[in-house]
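Student: Count the sequence shown with this note's numbering and you get residues 1 to 353, in order.
Derived by calculation from the structure, the hints in this document are not laboratory data. Don't take every hint at face value.
[What the hints assert, rightly or not] Straight-line C-alpha distance at most 27 Å; calculated DSS-like pairs for lysine-lysine:
1. 305 <-> 111
2. 117 <-> 12
3. 143 <-> 112
4. 12 <-> 112
5. 12 <-> 122
6. 177 <-> 143
7. 12 <-> 96
8. 111 <-> 142
9. 143 <-> 119
10. 122 <-> 66
11. 147 <-> 12
12. 340 <-> 143
13. 142 <-> 321
14. 117 <-> 142
15. 116 <-> 147
16. 96 <-> 147
17. 39 <-> 3
18. 117 <-> 143
19. 111 <-> 12
20. 340 <-> 305
21. 330 <-> 340
22. 122 <-> 143
23. 66 <-> 12
24. 305 <-> 331
25. 147 <-> 111
26. 321 <-> 177
27. 96 <-> 112
28. 39 <-> 12
29. 147 <-> 112
30. 111 <-> 143
31. 142 <-> 177
32. 117 <-> 147
33. 37 <-> 66
34. 66 <-> 39
35. 340 <-> 3
36. 66 <-> 96
37. 37 <-> 116
38. 321 <-> 39
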Amino acid sequence: MNKIVLDCERMKYADTGIYHYCLNLGNHLAGELDTRKEKLVFYAPESAQEALGRSNTFITQHSLHKFLMPTLGSYDLWHSTYQMTSYLPERNRRIKVLLTIHDLNFIYDDKKTEVKKSKHLKHLQANVDRSDAIICISEFCKKDLLKYCDTGNRPIYIIHNGTNLLNNPGLSSHSYKPSNRFLFSIGVITRKKNFHSLLPLLQQDDDMELLIAGREDDTEYLNYLMDTARDLGVDHKLRILGSISENEKAWYFENCYAFTSPSTAEGFCMPVAEAMSVGKPLFLSNKTALPEIGGNVAFYFSDFKPSQMQQTFTNGMTLYKETNMKDAIKKRGADFCWEKAAREYLDVYRSLL
1 MNKIVLDCER MKYADTGIYH YCLNLGNHLA GELDTRKEKL VFYAPESAQE
51 ALGRSNTFIT QHSLHKFLMP TLGSYDLWHS TYQMTSYLPE RNRRIKVLLT
101 IHDLNFIYDD KKTEVKKSKH LKHLQANVDR SDAIICISEF CKKDLLKYCD
151 TGNRPIYIIH NGTNLLNNPG LSSHSYKPSN RFLFSIGVIT RKKNFHSLLP
201 LLQQDDDMEL LIAGREDDTE YLNYLMDTAR DLGVDHKLRI LGSISENEKA
251 WYFENCYAFT SPSTAEGFCM PVAEAMSVGK PLFLSNKTAL PEIGGNVAFY
301 FSDFKPSQMQ QTFTNGMTLY KETNMKDAIK KRGADFCWEK AAREYLDVYR
351 SLL
């Protein structure tokens, strides 16, 4: 019996992309395993174990494990789902390590000093050195990895994320329900998400709002976003939703006029695939991995000048309506499937065991 540990330590941070990555991958791996030969064990904080299913087997994550990991003598494979992890089986070298790399976004962060970037790269390289194989979630991510790290002769696989199912859309009595058509964007509210660049789109349409959902991680950027909206005279059209429920998220995706992601640093961007699943118009930046995910069914901001963004949006909405792009968008979205991803991950697991 091969015993595989799925490291879900980052699920201690709810309402993040990696939380949903671990949750979806874990659930679908459990359904694809050959239970006669394989056993999946979750390394997860206590707070995440109910979401993963209490009937599963767990190693409970503890912050002290950064300094001394459990013995793990009976396990065969450790799958680290976070490239900058501090939780790896260093003492027991018999355990094979698979490392998933989501992005090297710190490289593109202008607020990080070169010293800080060098420190991050050193930590990432150490994790690469401990791994026996690597999975990147996009071609773009792989290119970055090969550019900045020495991967030796380790096999590198590309496995795209799946799409989170938008089940049971609905708002609660406390949810914000827009009275006008609205643009929807979602992500942790930090500068790299570049949400403020969307505000000029509201200046050309009196009957359109911008709703942004996500955990508020950067108070300085949030204040900048609000101040910019006031300066442009569109603050009454901007709504910061904060963290939202899965039902609320599904409702906003189902009912939005268009989905927007002007982010400048993405290794994949799961909300793009979510928006595809319901056939919504997609307006994305042309940076990092977004063109790889959006393909030829999305519209891209080639720069963030207000006039260019407004023109891209106007032309894109016209083309979306005239050519009935909804079905083509949904068809591409179907390629991002967690069942498929789980099978591909299991193939990699089995190649290491």
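Student: State for each hint whether it applies.
Tutor: Results of checking the hints against the structure:
1. 305 <-> 111: holds (21 Å)
2. 117 <-> 12: Distance of about 24 Å is within 27 Å: holds.
3. 143 <-> 112: holds (21 Å)
4. 12 <-> 112: holds (24 Å)
5. 12 <-> 122: Holds, because 24 Å separates the two Cα atoms, which is no more than 27 Å.
6. 177 <-> 143: Roughly 41 Å separates the two Cα atoms, so the pair is violated.
7. 12 <-> 96: Status holds; Cα separation ~24 Å.
8. 111 <-> 142: holds (24 Å)
9. 143 <-> 119: holds (20 Å)
10. 122 <-> 66: holds (17 Å)
11. 147 <-> 12: violated (31 Å)
12. 340 <-> 143: Holds, at about 23 Å.
13. 142 <-> 321: violated (35 Å)
14. 117 <-> 142: The given pair, whose Cα atoms are some 18 Å apart, holds under the 27 Å limit.
15. 116 <-> 147: The given pair, whose Cα atoms are some 18 Å apart, holds under the 27 Å limit.
16. 96 <-> 147: holds (25 Å)
17. 39 <-> 3: Holds, because 5 Å separates the two Cα atoms, which is no more than 27 Å.
18. 117 <-> 143: holds (18 Å)
19. 111 <-> 12: The hint holds at about 25 Å.
20. 340 <-> 305: violated (39 Å)
21. 330 <-> 340: Roughly 17 Å separates the two Cα atoms, so the pair holds.
22. 122 <-> 143: holds (18 Å)
23. 66 <-> 12: Status holds; Cα separation ~15 Å.
24. 305 <-> 331: violated (31 Å)
25. 147 <-> 111: Roughly 21 Å separates the two Cα atoms, so the pair holds.
26. 321 <-> 177: Holds: residue 321 and residue 177 sit about 24 Å apart, inside 27 Å.
27. 96 <-> 112: violated (33 Å)
28. 39 <-> 12: Roughly 23 Å separates the two Cα atoms, so the pair holds.
29. 147 <-> 112: Distance of about 19 Å is within 27 Å: holds.
30. 111 <-> 143: The given pair, whose Cα atoms are some 23 Å apart, holds under the 27 Å limit.
31. 142 <-> 177: The given pair, whose Cα atoms are some 40 Å apart, is violated under the 27 Å limit.
32. 117 <-> 147: Given that 27 Å is the threshold and the Cα spacing comes to 14 Å, the pair holds.
33. 37 <-> 66: violated (30 Å)
34. 66 <-> 39: holds (25 Å)
35. 340 <-> 3: Holds: residue 340 and residue 3 sit about 21 Å apart, inside 27 Å.
36. 66 <-> 96: holds (19 Å)
37. 37 <-> 116: Roughly 44 Å between the alpha carbons, so the hint for residue 37 and residue 116 is violated.
38. 321 <-> 39: Violated - the C-alpha atoms of residue 39 and residue 321 are around 49 Å apart, more than 27 Å.
Checked against the numbered hints given earlier, this structure breaks hints 6, 11, 13, 20, 24, 27, 31, 33, 37, 38; the rest are met.
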